[in-house]
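So the protein lines, in turn, are chains A and B.
For the working numbering, count along the first sequence from 1 and bump the result up by 851.
For the working numbering, count along the second sequence from 1 and bump the result up by 3.
Rather than coming from a laboratory, the hints here were simulated on the basis of the structure.
Computed from a prediction, not measured in an experiment: that's the story for all the values here.
Hints should not be assumed to be uniformly reliable.
Only pairs whose alpha carbons sit at most 27 Å apart, straight line, appear in this in silico DSSO-like list of lysine-lysine [said to hold, decoys possible]: (1) 383(B) / 924(A); (2) 1039(A) / 977(A); (3) 931(A) / 285(B); (4) 977(A) / 366(B); (5) 19(B) / 977(A).
Partial chain A-side listing against chain B, Cβ under 7 Å, derived [claimed, not checked]: (6) 921; (7) 925; (8) 934; (9) 937; (10) 973; (11) 976; (12) 980; (13) 999.
Using N, Cα and C, we set each Cβ at its ideal position, and we do this for glycine too.
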Amino acid sequence: MTLGIGALRIGADLGSTAIKLVIYSGDALLWRGKAPTAPNQESIVRRLIAEGLSAIGAPEAEYRVVATGYGKKLYAGAVKTVDEISANALGLSRLSGGAARTIVNIGGQDSKVIRLSDTGRIVDFKMNDKCAAGTGRFFEQAARLLDVPLEDFVRLGGASTREVDINSTCVVFAESELVSLVAAGVGKEDIIRGLCASVARRTAGLLGRHFEEAVYLDGGPAVNSCLVAALEDELATEIHVLEAPQHTVACGAALSIPDSGI
Amino acid sequence: MTTQNTPAPDRVADRKRRNAARIAGEVERELQSLRGREDRLAGYDYFLDLLAGGIHPGAVERRTGMPALNLLCIQAPLELIHAAGFLPFKIFSGSHAADALNAGGLPALTCPLLRSVQGLLQFEDSLARRPWVLPTTCDWIVKLPEMLRSTCPDAKMPDHWLELPHLKETDAGREHWRDEVFRLKKFLENASGRRIGRKDLARSIATYSRAWEALSRLEARRQAGAIPFVWFLALANTFFLDAPERWTASVDALIPTLPDNAGRKEGRIFFAGSPVYFPNFKLPRLIEEAGIAVTGDDLCSSGRIFPGGVSADAASEHELVAALAQRYHQGCLCPVFADNDRRVHNILAVAGNFSGVLFHVLKGCHPYDLESHSLENALKRQGLKFIRLETDYTAEDSRNLLTRLEAFRQTLGEA
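Here chain A stands alone, though its shape is the one from the complex (with noise of 0.2 Å):
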């Protein structure tokens, strides 16, 4: 593949709990790669820009690397930094065709809220304080304590036959909570489906009673459709996820680079 200078655009959105990565030509998406989030960040996305180029066949191509998440100063190749709700905007925007009006992000250790305007730009946000409940971690939390790998919350939460009542989204207290369903009896598949209803309802609550549509909902806990069924039952709406929800706020750091550079 034969690229010009400074034509691929690269988003690094260094989470909590993965590194997400995307590379762009243009506003054509090439590759995405993530890994999980460790010590030596910038060596993991280097690694990650690396793996990318190498898998598109331009291993010695030019780039710019925006780079987004909380870890976003460890990378020092970036040509520039993007706050995650500015990149979550814009990478959701621009993915939906200009469609979504709301976006609920839950990441690893927090959720948002964005609103935005009919052009894409951001009306209005809210993020959860330092509390990480109901977040991804959360959902990691349960999956160790259930003893169910995280991939299998969709078909188990599927499979429920009746909604456990969960009161806690909380990643330290729910551990008593799921420990005592679990002595009670309680199947796992039912204890999941209470679990994505909790996270929901908590969602909810930061999102309000007034949200204009399309609701697009992304972050890694996205990819759990028992969610985004909890999600709809409790906003009584459609809830639209994209392809790899997760790396929605990575495209958003890479097309936030100019075509012609920075």
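Position chain B against the provided structure of chain A, taking the given hints into account.
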């Protein structure tokens, strides 16, 4: 059988020394950070020295030669206290180390400011010696004496309650408050052993009017972008740490040295909500890091330390006290009032000078928390940008706050 743990006195003393060192270390770190700023001016050094000299009444008494009177909040007329021969000393603390000292013995959602104040008071050995005046503002203040009984058993506070009516705009509220201020005058006369005469009052009113005018001049320069929020806060926080005359002269000396930086208009916000006190300048620093400039505030620790000036021309002592009572009551925008629409109106009136409003809620500061919602609705109805940030004295939420501030900065450019 259980036995009560009674630690040896020397171990208790050691623990106290360690805690005092932690608090002192926190203060020193913030001072070093301020001293190391590129925008530091020689005129700031007086204020830095005040902060370095200790935030306790003993230090102020040594500096001024006047006996201090301990206060909380901003409702007691400073002029009246000063006219009685006391130096009003408003206790404050932004120390997380002091806050953490008390965390176990108080309700989980206690206001960090009051928790920190209580932590700090454990090192104050003169609680019983100096008079205390407490206004009945929020629940945390009202219950402070009760909460202090376990940690400061020698404290006999307050010596005087200033009963604040929670209705401000009614005749009954106004009359009640005026009676309270006259009661305060009697208390101060008894405590000082001297009668507060018209001349004393007029002199103190003139002193504090000059301080208010100096702060107003500084405020005007701030609106033009000449003084960063961190410095403005540091200056305002020191008001109770020295004689008002010296503080006023130092502000007046600083103003002509401020840079003429009336730069761009974008990214300038108004800061409202819970107070910010040294050494907890976490949020102001994050605001700077996000590229936002605070060019106005209505904090009781900063822009609202005075309710405004009072004319000293009234004919009688009675009229002067009544004028002070009216000024402090009407000028007070504390959210503990049930009829506090004036606060929203004031912010709306100046909002056109700013790109947006940031509302700070100290976690556990319920009156401000409650009021944030009505203000948010009122501002958004006017199409103004608004962000509400709830935090405390810990640093662990810094990245989360910075993310929100950076995104808020982006929206300001689109206002």
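Going through the hints against the structure:
1. 383(B) / 924(A): With a Cα-Cα distance of about 33 Å, the restraint between residue 383(B) and residue 924(A) is violated, given a limit of 27 Å.
2. 1039(A) / 977(A): Between residue 1039(A) and residue 977(A) the Cα gap is close to 32 Å, so the pair fails against 27 Å, i.e. violated.
3. 931(A) / 285(B): holds (24 Å)
4. 977(A) / 366(B): holds (17 Å)
5. 19(B) / 977(A): Given that 27 Å is the threshold and the Cα spacing comes to 42 Å, the pair is violated.
6. 921: holds (5 Å)
7. 925: Where the cut-off is 7 Å and the nearest Cβ of chain B is about 11 Å from residue 925(A), the hint is violated.
8. 934: Status holds, d = 4 Å.
9. 937: holds (5 Å)
10. 973: Status holds, d = 5 Å.
11. 976: holds (6 Å)
12. 980: holds (6 Å)
13. 999: Not OK, violated: residue 999(A) not within 7 Å of chain B, min 29 Å.
Of the numbered hints given earlier, the model fails hints 1, 2, 5, 7 and 13; all others are met.
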